[in-house]
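Residue numbers (mature numbering (1 follows the signal peptide of the UniProt record, and there is no 0)): -23 to -1, 1 to 194.
Careful, some of the hints might be misleading.
Using 35 Å as the maximum straight-line C-alpha spacing, the simulated DSBU-like pairs for lysine-lysine come out as follows [as the list claims (entries may be wrong)]:
id, residue 1, residue 2
1, LYS171, LYS90
2, LYS171, LYS108
3, LYS4, LYS89
4, LYS4, LYS124
5, LYS154, LYS90
6, LYS4, LYS154
7, LYS139, LYS124
8, LYS171, LYS4
Derived by calculation from the structure, the hints in this document are not laboratory data.
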Amino acid sequence: MKTRIVAALLALCLGMNAAPAHARGEKSGEFDYWVMALSWSSTWCALEGDARNSPQCDPSEDFGWVLHGLWPQYHRGWPSFCPTVERQPNRGLTNTMADIMGTSGLAWYQWKKHGVCSGLSAPDYYALSRKAYESINRPAVFRKLTKPVRLPAKVVEQAFLKANPGLEPDMITITCKAGRIQEARICLSRDGLKPVPCGRDTVRDCRLDDALFDPMR
């Protein structure tokens, strides 16, 4: 009996060591590459934003792919909520990001969770986030949709690859949520924001062949 208990505990420990590392409170500025997450606004609105009466979901805003965040990433795992000596962003600064992030509230939360791990000041982190967002062409075809469609998630990936010649399949992952196309996540180098291969913790390839894709509002 004792031998079986020891063996079970050993297996548990080995399993815990094999799990992906999700760091929390790691040293700011120490990471390997960036993950830029682009959310399809209509999906977020349908699943969460409408219930919150978010201004992002007002049809007058005309949001398509919005910047969910620019995340420091390790080759395995990722840091979050790192201690930092940098000053917190004020409301005026977070408001300047609403045009690409949908709301100033998201800009604030992304700083609080991810920006503090970048080793940058809040203004520099937001400036780099905007530069990353502008470095990737968002496929124009999705802005032309006039009604909901169902399509393979792979089609969304292929559209991004076609719109960005420097992008390879192992540098982007398309995620789904509740049967809908959710995000395009693109891996970028620390220096220069050039597309780089994603680590295995980043890859969340959606396998759906009939994912729902709502048109812009």
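Okay, the hints, checked on the actual structure:
Between LYS171 and LYS90, the direct Cα distance comes to roughly 23 Å. Compliance with the 35 Å bound is thereby established for this hinted pair. In summary, the hint linking LYS171 to LYS108 is supported, as the alpha carbons are separated by about 11 Å, within the 35 Å threshold. Simply put, LYS4 and LYS89 have alpha-carbon atoms about 14 Å apart, close enough for the 35 Å limit, and the pair holds. The straight-line distance between the Cα atoms of LYS4 and LYS124 is roughly 46 Å, outside the 35 Å bound, and the hint therefore fails.
Pair hint LYS154 plus LYS90 holds up; C-alpha atoms about 21 Å apart against a cutoff of 35 Å. Distance check on the hinted pair: LYS4 and LYS154 sit about 31 Å apart at the alpha-carbon level, within 35 Å; holds. Between the alpha carbons of LYS139 and LYS124 the distance comes to roughly 23 Å, so the proposed pair stays at or under 35 Å and holds. Of the pairs offered as hints, the one joining LYS171 and LYS4 holds, with about 24 Å between alpha carbons and a cut-off of 35 Å not exceeded.
Violation of the numbered hints given earlier is confined to hint 4; every other hint is satisfied by the structure.
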